[in-house]
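2 protein chains.
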Amino acid sequence: MKQNKYDESIFFDKYSNMERSKKGLEGSGEWYELKKMLPDFRGKRVLDLGCGFGWHCRFAIENGAKSVIGVDISRKMLKEAKDKTKSEHIQYICIPIEDIDFQENFFDVVISSLTFHYIQSFEDILSKIKKCLSSGGEFVFSVEHPIFTAQGLQDWCYDDKGNISHWPVDQYFKEGRRKANFLGEEVIKYHKTLTTYLNCLMKSGFEITGFVEPKPVEELLNTVPRMVDELRRPMMLLVSSRKR
Amino acid sequence: MKQNKYDESIFFDKYSNMERSKKGLEGSGEWYELKKMLPDFRGKRVLDLGCGFGWHCRFAIENGAKSVIGVDISRKMLKEAKDKTKSEHIQYICIPIEDIDFQENFFDVVISSLTFHYIQSFEDILSKIKKCLSSGGEFVFSVEHPIFTAQGLQDWCYDDKGNISHWPVDQYFKEGRRKANFLGEEVIKYHKTLTTYLNCLMKSGFEITGFVEPKPVEELLNTVPRMVDELRRPMMLLVSSRKR
Chain X
1 MKQNKYDESI
11 FFDKYSNMER
21 SKKGLEGSGE
31 WYELKKMLPD
41 FRGKRVLDLG
51 CGFGWHCRFA
61 IENGAKSVIG
71 VDISRKMLKE
81 AKDKTKSEHI
91 QYICIPIEDI
101 DFQENFFDVV
111 ISSLTFHYIQ
121 SFEDILSKIK
131 KCLSSGGEFV
141 FSVEHPIFTA
151 QGLQDWCYDD
161 KGNISHWPVD
171 QYFKEGRRKA
181 NFLGEEVIKY
191 HKTLTTYLNC
201 LMKSGFEITG
211 FVEPKPVEEL
221 LNTVPRMVDE
231 LRRPMMLLVS
241 SRKR
Chain W
1 MKQNKYDESI
11 FFDKYSNMER
21 SKKGLEGSGE
31 WYELKKMLPD
41 FRGKRVLDLG
51 CGFGWHCRFA
61 IENGAKSVIG
71 VDISRKMLKE
81 AKDKTKSEHI
91 QYICIPIEDI
101 DFQENFFDVV
111 ISSLTFHYIQ
121 SFEDILSKIK
131 KCLSSGGEFV
141 FSVEHPIFTA
151 QGLQDWCYDD
161 KGNISHWPVD
171 QYFKEGRRKA
181 NFLGEEVIKY
191 HKTLTTYLNC
201 LMKSGFEITG
211 FVEPKPVEEL
221 LNTVPRMVDE
231 LRRPMMLLVS
241 SRKR
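Residue numbers (my numbering), protein chains in the order written: chain X, 1 to 244; chain W, 1 to 244.
Please note: incorrect hints may appear among the correct ones.
Put simply, identical chains are the same to the list, so a pair is met inside one copy or across any two.
Said to hold, decoys possible - In silico EDC-like cross-links for lysine to aspartate or glutamate, where the CA-CA straight-line distance does not exceed 16 Å:
no.: 1; residue 1: K243; residue 2: E207
no.: 2; residue 1: K131; residue 2: D99
no.: 3; residue 1: K44; residue 2: D108
no.: 4; residue 1: K131; residue 2: D101
Because the hints were derived from the structure by calculation, they are not lab data.
Keep in mind it's a predicted model, so treat the numbers as computed, not measured.
Looking at chain X on its own, in the form it has when it is part of the complex (with noise of 0.2 Å):
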């Protein structure tokens, strides 16, 4: 199933909202640690696959690369994206992520940023990168974590006063659709396994380079509310790795 969320007025709004829509990298809390994970992007041909509002896009461009492609579903989200964007060498496509059929070696960087969790097969949009990505190449892509995504309604347990008791995992194994509940709408997400991202990879011919499940920095930890939460279970995954 290909949702597109981000086109229903209501929760586009409330997604426009939340920090990372309003300040960009910097309001996102796992930025700190992509950005590590990120390759040179100096001379480099870019693809971004679930480009949203454009941030990684023009960081790309920003940081000396050729070319960047952002590809995504939402129409809303593109316009905006555009409208933050002054270089000639971003294009935006509004399609699915699973239709991209780009030509052999095209790109020398794939990245992907809490995208593929809405999509059913990381196999599929997989052998499509490995087809347009070239030899070398590196791939960088964040995801919500399989322990976050498991269960499905993606809230912690409380206990008898209200208080957070722990995270739960149900039907780790059960990969496919979840219904979970993201600023207060019915999300589609597609939990998969750890061992679905990993060996995928792997068995596809990319070499893994870098794993991260990012916790908040010492900053937040200690100036926002109840961050401190962020550290009793994993939210995402951030994978690098590079084509052989």
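Using the hints provided, position chain W relative to the given structure of chain X.
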């Protein structure tokens, strides 16, 4: 801390009665996956860290290994291991695995089954393994999954009727000591994140070549009561790697 739980009579007797102790490798649920990740042993010098009853040592010799050294802290387990062993090419050494100090490049293969969650620092043992493993050598290990060790008690959450509701995850990013319940006894384990296991490997110059969260085979699901619950959360993690 170097706890030697397996030399306590009550615990030893209980452990000795587990399927994996009586039947050996074929009695271990994860063996069918681990087996596939092991290298060709022919002509190889092998180290087994936390060898217990010596099942993997003997498997290596039966499959052509030149020599095997098995290391374990438990005198009782090694006594049984020796009783079960006929080959002259297996040596058992009774020391904590943290204390190994072999010559450089002494081994071609290092294996370790369900042992590293008993030791505090993966980084430290890895630097010792790296030293005594030759370049291009293989390092394959299994551990309890970080999702299994995080909260600490290692038990399910149950509903009012006593049925399993889910698996609890908590204090994931707080690595270190946990008091777990294993076979009705209190056992000290050390939780580590997935990031620690995988990033330590990569930063130490190992290439990750396999990553599997084993799940029960179909036959067990159909014959063993409640085995189906093992699909609800990952219990173990198997990793294969190669020293560059």
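If the cutoff is 16 Å on CA atoms, where do K131 and D99 land: within, between, both or neither? Let me know, please.
Intra 13 Å, inter 48 Å, cutoff 16 Å: intra-copy only.
Task: K131 and D101: within-copy, between-copy, both or neither at 16 Å Cα - done: Intra 9 Å, inter 46 Å, cutoff 16 Å: intra-copy only.
field: Same-copy or cross-copy closeness of K243 to E207 [CA-CA at most 16 Å]
entry: Both ways: K243 and E207 sit 6 Å apart in one copy and 14 Å across, limit 16 Å.
Pop the pair K44 and D108 into one bin, within, between, both or neither, using alpha-carbon distances up to 16 Å. So K44 and D108 pass the 16 Å test inside one copy only (6 Å; across, 40 Å).
In this structure, every one of the numbered hints holds.
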